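Peer 1: One-letter residues, chain by chain:
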Amino acid sequence: MRSIIDILDLSTQEIDSLIKTACDIIDNPDKYAEKCKRKKLATLFFEPSTRTRLSFEAAMYELGGNVIGFSAANNSSAAKGESVSDTVKTVSCYADIIAMRHPKEGAPMVASMAASVPIINAGDGGHNHPTQTLADLLTIYREKGGFDNLTVGLCGDLKFGRTVHSLINALSRYSGIKFILISPEELKLPEYVVNNVLKKKNIPYVETTDLIGAMPELDILYMTRVQRERFFNEQDYIRLKDSYILTPDKLETAKDDLAVMHPLPRVNEISVAVDNDKRACYFKQVLNGKYMRMALILMLLGVE
Amino acid sequence: MVIDSINNGIVIDHITSGKSMLLYQKLGLDKLNCTVAIIKNAPSSKNGQKDIIKIDTLIDIDLDMLGYLDPGVSVNIIKDGTIASKFIPELPEKLVDVIKCKNPRCISQEEQELKHIFKLTDREKRIYRCIYCESKAK
Ligand SMILES: [Zn+2]
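One line per chain: the protein sequences are A and B, in this order. Number 132 in my numbering belongs to position 132 of the first sequence; there are no gaps in the numbering. Position in the second sequence (from 1) plus 1000 gives the number in my numbering.
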């Protein structure tokens, strides 16, 4: 039984083929409208994430399938004593595939060891969220035509941002990628990602605190949220927060074909005034997420 | 001190002095009915002193974990009064219920019934990671 827990569970060939399927779905939606007829997706959300759940549900409906599931209002009501393993063994009796979100790291892995149907990790705490990375990859592919020889700027909270770590892992498998890591000192990319991915694979990278200075070089600018609670004191937060807010004037020196991305939801790190810029891709990213989830469901269900 | 030699069984030799009780517990030897001898602070030609464990039966236990718990021990399998085989356990690929994940956000902290499983991710640096949350074993 094949499950997707980590983006690295997929080979680059498989990612290529998912992208190919997603592009075909975009071009020929009718062809896919009944591919999952009579199949059921269970969305097991042990913590709420409305946007991710809606994306999975929309994906399954557009494939002609049905959706069952639950979304816990809070963490405590999630487990009324029942283990993750027992829950998914039960749900395996009803559903053909499960998308699972859980506040605890590794819970979808536990589920995949017990379930008799494929598990898709829809986010496990601050650990993995592979379908977000698939959305990011399809967006980069559609905006840039491929993954090779890109200069990718990652900006904001690089320390705790799981989407950033996962995207670095995924992109590090392509050639000619260069990373510009833009963050305050306090939120730099963790040593283990630098050592185990960038240094180990000899991938060029620059660490800087200067978003404006880095701007002209970038093909991709991936923004993330700088959260107040990540700082030791209020003064540091206030001093730094504006440096990492994207505004139209900061984009003046950027390339014409820059793609500005963000995993959403945003708070204020991208000014609303940027939304009308043709380089803003974050809402396309949401849509791309649905197409990649459709492609992934098809792949895991073995539907041609 | 004389401890009867065994005819069929396992001798774990060259245990770091003082570690024999830890190995006794982790190997689950407390659950055996057969004779088990723990010899502490025996003279050693190598390190001055060593511990030895003798198990008076040929049982199937997870000897691989010794490579993690006390690298350098040697295991002698005794059959019909002679050493049938002798080996030094290597770092195992997997540790099951030998160490616990300490990450408070890990599912293994919430669900008490789960096995604590670690995988060897870097043999050179002896790094094990939790299979659930990928935290490094400390
Ligand atoms: Zn863990």
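In short, the hints are calculated from the structure, not lab data. Owing to the predicted nature of the structure, the values given are computational and were not obtained by experimental measurement. Check the hints yourself; a few may be wrong.
What the hints assert, rightly or not - Derived, one-sided and incomplete: chain B residues facing chain A with beta-carbon distance under 10 Å:
#1 1070
#2 1087
#3 1090
#4 1123
#5 1126
What the hints assert, rightly or not - Restraint-style ranges between C-beta atoms, simulated for each label pair:
#6 B:1100 - A:81: 37 to 47 Å
#7 A:116 - B:1123: 29 to 39 Å
#8 B:1071 - A:277: 26 to 36 Å
#9 B:1025 - A:234: 46 to 56 Å
#10 A:12 - B:1062: 50 to 60 Å
#11 B:1088 - A:38: 40 to 50 Å
The beta carbon of each residue, even a glycine, is placed where N, CA and C say it ideally should be.
Peer 1: All hints are to be evaluated individually against the structure, with a verdict given for each.
Peer 2: How the hints compare with the structure:
1. 1070: At 27 Å from the nearest chain A Cβ, residue 1070 of chain B fails the 10 Å test, so the hint is violated.
2. 1087: Violated, because the Cβ-Cβ distance from residue 1087 of chain B to chain A comes to roughly 31 Å (cut-off 10 Å).
3. 1090: violated (23 Å)
4. 1123: violated (15 Å)
5. 1126: violated (15 Å)
6. B:1100 - A:81: 37 to 47 Å: violated (22 Å)
7. A:116 - B:1123: 29 to 39 Å: holds (34 Å)
8. B:1071 - A:277: 26 to 36 Å: The hinted range 26 to 36 Å is violated for residue 1071 of chain B and residue 277 of chain A, with Cβ atoms some 59 Å apart.
9. B:1025 - A:234: 46 to 56 Å: holds (49 Å)
10. A:12 - B:1062: 50 to 60 Å: violated (37 Å)
11. B:1088 - A:38: 40 to 50 Å: For residue 38 of chain A against residue 1088 of chain B, whose Cβ atoms are near 57 Å apart, the range 40 to 50 Å is violated.
Checked against the numbered hints above, the structure violates hints 1, 2, 3, 4, 5, 6, 8, 10 and 11; every other hint is satisfied.
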